[in-house]
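Whenever a hint applies, use it, and build me the whole structure from the sequences.
In the numbering used here, the protein residues as written are 7 to 422.
Simulated from the structure, these hints should not be mistaken for laboratory data.
These numbers come from a predicted model, not from an experiment.
Errors might be hidden in some of the hints.
Distance condition first, Cα-Cα at most 30 Å in a straight line; then the derived BS3-like pairs of lysine-lysine [to be verified]:
| id | residue 1 | residue 2 |
| --- | --- | --- |
| 1 | Lys352 | Lys365 |
| 2 | Lys8 | Lys19 |
| 3 | Lys20 | Lys160 |
| 4 | Lys46 | Lys62 |
| 5 | Lys160 | Lys199 |
| 6 | Lys215 | Lys395 |
| 7 | Lys66 | Lys288 |
| 8 | Lys283 | Lys66 |
| 9 | Lys160 | Lys211 |
| 10 | Lys160 | Lys186 |
| 11 | Lys199 | Lys8 |
| 12 | Lys354 | Lys395 |
| 13 | Lys184 | Lys19 |
| 14 | Lys16 | Lys215 |
| 15 | Lys354 | Lys66 |
| 16 | Lys329 | Lys307 |
| 17 | Lys55 | Lys20 |
| 18 | Lys272 | Lys283 |
| 19 | Lys61 | Lys78 |
| 20 | Lys244 | Lys287 |
| 21 | Lys29 | Lys79 |
| 22 | Lys287 | Lys329 |
| 23 | Lys20 | Lys287 |
| 24 | Lys184 | Lys48 |
| 25 | Lys63 | Lys46 |
| 26 | Lys46 | Lys78 |
| 27 | Lys275 | Lys10 |
| 28 | Lys222 | Lys10 |
| 29 | Lys272 | Lys287 |
| 30 | Lys276 | Lys296 |
| 31 | Lys329 | Lys316 |
| 32 | Lys171 | Lys61 |
| 33 | Lys316 | Lys275 |
| 34 | Lys55 | Lys78 |
| 35 | Lys171 | Lys16 |
Ranges of calculated distance between the beta carbons of each label pair, as one might list FRET restraints [what the hints assert, rightly or not]:
| id | residue 1 | residue 2 | range |
| --- | --- | --- | --- |
| 36 | Gly212 | Ile100 | 53 to 61 Å |
| 37 | Asn43 | Tyr415 | 43 to 51 Å |
| 38 | Phe58 | Lys411 | 44 to 52 Å |
| 39 | Ser187 | Asp422 | 57 to 65 Å |
| 40 | Lys411 | Lys276 | 35 to 43 Å |
Ideal placement from N, C-alpha and C gives every residue a C-beta, glycine not left out.
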Amino acid sequence: MKNKLIEICKKAKKASNQIIDNKIKNKVLLKFAQLVNKNKFKILSNNKKDVFNAKKKGLKNNMIERLELNEKKIEDIVSSIKQISRMKDPVNVILKKWKRPNGLKMRRVTVPLGVIGVIYESRPNVTSDISCLCFKSGNCVILKGGSEAYYSNKLISDLFREALKFYNVNINYVQFIKHKSRKIVQLMLSNTKDYIDVIIPRGGKGLVKTVQDYSKIPVIGHLEGVCHTYVDEHANLKMAEKIVVNAKMRNTSICGATETLLIHEKVLKKYAHSILKNLEKKNCIIYADKKIRNIYKGRTKSANLSDWSKEYLSAEIAVKSVKNLDEAINHINTYGTMHTDAIITKDKRKANLFMKKVKSSIAIHNSSTQFADGGEFGFGGEVGISTNKLPPRGPVGLAQLVTYKYEVYGSGQIRD
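Structural data, given as structure tokens:
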């Protein structure tokens, strides 16, 4: 197993030496989109096999939701591929240039990261998104998908390799690891630092923690998405109702879903009932603090300390009253995971303070936390969300999959 993995890595390293013109990149991507569309029923058939096996193994419902494809999701995959093809090539962009007094001309220029290893669970669309983003940004990618999506992932990656081959590009720009054993993950993390430049984990807490704890390779990713929405005393009630329901319930299984709702104590009587009633109508389980339970007479459960740091990834939400903006910010910075946090308020001064003081990689004013997504940011997709303090942060799309180098042009200068 180790020898086969090293062989895959060597092939990726070799492929990364091939510099590909942007026109060829775009042709490959459009060919891939065509192949996905042409083979959509075959992809759906493979996906049904994955879903059947996953249910048989007792996979959780939220994981099944992530795994399952339909015609609309296939259309979205094709649309995303085409969008990425239309985006500007992020490689060889001059970020800055200047001239020194001694005549040396200097410039900072973007270059690919190299070989990216991606370890992910459930979502077959990730295979497409990541392959496209890595290829467009000049990076080779080694894909280790979860065994629950094996047949879907393998076919999608095979179609990408077919598109590469059609335009005489090294097919090892995209490689899918066929071994289902979890041991392969440990081998990737501990034995491939001479070949893989960056590891990106996408999946549940267990997977991401394993990667972060054991990887000898730099990691881009986040452990959990404990996201907050704070309803300020100066919030518009109708807006707050709409945003909170969307932030929690649009898709409860994504990392950008709001997990904790904070409400200013001055508007509890006025706002809590209508906001929480709307959540209850959507069959959301509410864990509330004592103040809120005294005011809201709908169905709630008593919140405890562990609820403030819980990522539910389901129709459940923790709700807490706060005395003021500072308490809300302090709560978020204490219990949050630097993912995505939002404030709903008409007070621009408070909004600005919130945006500056929360430690989140994404701070939002008067909108849903579910916009924490590379596609929604106009990145054409994402390989994941990064909560690292060092760059990249937030959605990692094309522009975040490059680094830079300095190019220095002289005319015979020597240093004194």
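Hints, verified against the model:
Note on Lys352 and Lys365: the hinted pairing holds, with a Cα-Cα distance of about 22 Å set against a maximum of 30 Å. The hinted pair formed by Lys8 and Lys19 meets the criterion: a straight-line CA distance of about 16 Å does not exceed 30 Å. Restraint check for Lys20 and Lys160: the C-alpha separation of about 22 Å stays at or below 30 Å, so the hint holds. A hinted pair counts as satisfied when its Cα atoms are at most 30 Å apart, and Lys46 with Lys62 qualifies at roughly 24 Å.
A distance of roughly 25 Å separates the Cα atoms of Lys160 and Lys199; the hinted pair therefore holds under the 30 Å criterion. Restraint check for Lys215 and Lys395: satisfied, since their Cα atoms lie roughly 17 Å apart, inside the 30 Å limit. With a CA separation close to 20 Å, the supplied pair Lys66 and Lys288 stays within the 30 Å bound. For the hint pairing Lys283 with Lys66, the CA-to-CA distance comes to about 27 Å; that is within 30 Å, so the pair holds.
With a CA separation close to 24 Å, the supplied pair Lys160 and Lys211 stays within the 30 Å bound. Taking the CA atoms of Lys160 and Lys186, the gap is about 11 Å. The hint holds against a cut of 30 Å. Restraint check: the Cα-Cα separation between Lys199 and Lys8 comes to about 13 Å, which is no more than 30 Å; the hinted pair holds. Our distance criterion of 30 Å between C-alpha atoms is met by Lys354 and Lys395, whose separation comes to about 26 Å.
Only pairs whose Cα atoms come within 30 Å are accepted, and Lys184 paired with Lys19 is accepted, the gap being roughly 19 Å. A threshold of 30 Å between alpha carbons decides the hint, and for Lys16 with Lys215 the separation of about 27 Å falls inside it, so the pair holds. Distance restraint check for Lys354 and Lys66: the Cα-Cα separation of roughly 42 Å exceeds the 30 Å cut-off, and the hinted pair is therefore not satisfied. Pair hint Lys329 plus Lys307 holds up; C-alpha atoms about 21 Å apart against a cutoff of 30 Å.
Among the hinted pairs, Lys55 with Lys20 is inconsistent with the structure: their alpha-carbon atoms are about 34 Å apart, more than 30 Å. Proximity of Lys272 to Lys283 is assessed by CA-CA distance (about 19 Å); at most 30 Å being required, the pair is judged to hold. At roughly 22 Å between alpha-carbon atoms, Lys61 and Lys78 fall within 30 Å of each other, so this suggested pair holds. Under the criterion of a C-alpha separation no larger than 30 Å, the hint pairing Lys244 with Lys287 is consistent with the structure, at around 16 Å.
Distance hint between Lys29 and Lys79 is fulfilled; the C-alpha atoms sit about 27 Å from each other, no more than 30 Å. A C-alpha spacing of about 27 Å is found between Lys287 and Lys329, which places the hinted pair at or below 30 Å, so the restraint holds. For the hint pairing Lys20 with Lys287, the CA-to-CA distance comes to about 56 Å; that exceeds 30 Å, so the pair is violated. Of the pairs offered as hints, the one joining Lys184 and Lys48 holds, with about 19 Å between alpha carbons and a cut-off of 30 Å not exceeded.
Distance restraint check for Lys63 and Lys46: the Cα-Cα separation of roughly 26 Å lies within the 30 Å cut-off, and the hinted pair is therefore satisfied. Distance restraint check for Lys46 and Lys78: the Cα-Cα separation of roughly 10 Å lies within the 30 Å cut-off, and the hinted pair is therefore satisfied. This hinted pair does not check out: Lys275 and Lys10 have alpha carbons roughly 63 Å apart, beyond 30 Å. Of the pairs offered as hints, the one joining Lys222 and Lys10 holds, with about 19 Å between alpha carbons and a cut-off of 30 Å not exceeded.
The suggested pairing of Lys272 with Lys287 holds, with an alpha-carbon distance near 24 Å, which does not exceed 30 Å. A distance of roughly 17 Å separates the Cα atoms of Lys276 and Lys296; the hinted pair therefore holds under the 30 Å criterion. Only pairs whose Cα atoms come within 30 Å are accepted, and Lys329 paired with Lys316 is accepted, the gap being roughly 22 Å. For the hint linking Lys171 to Lys61, the alpha-carbon distance of about 35 Å lies beyond 30 Å, and the restraint is violated.
About 26 Å separates the Cα atoms of Lys316 and Lys275, which keeps this hinted pair within 30 Å; it holds. Proposed proximity of Lys55 and Lys78 is supported: the alpha carbons are some 18 Å apart, at most 30 Å. For the suggested pair Lys171 and Lys16, the alpha carbons sit about 19 Å apart, so the restraint of at most 30 Å is met. A hinted range of 53 to 61 Å for the beta carbons of Gly212 and Ile100 is inconsistent with their spacing of about 42 Å.
Roughly 46 Å separates the CB atoms of Asn43 and Tyr415, a value that falls within the hinted 43 to 51 Å. Checked against the hint of 44 to 52 Å, the pair Phe58 and Lys411 passes, with Cβ atoms roughly 48 Å apart. For Ser187 and Asp422, the Cβ-Cβ distance of about 60 Å falls inside the hinted range of 57 to 65 Å, so the restraint holds. Take Lys411 and Lys276: their Cβ atoms lie about 57 Å apart, and the range 35 to 43 Å is violated.
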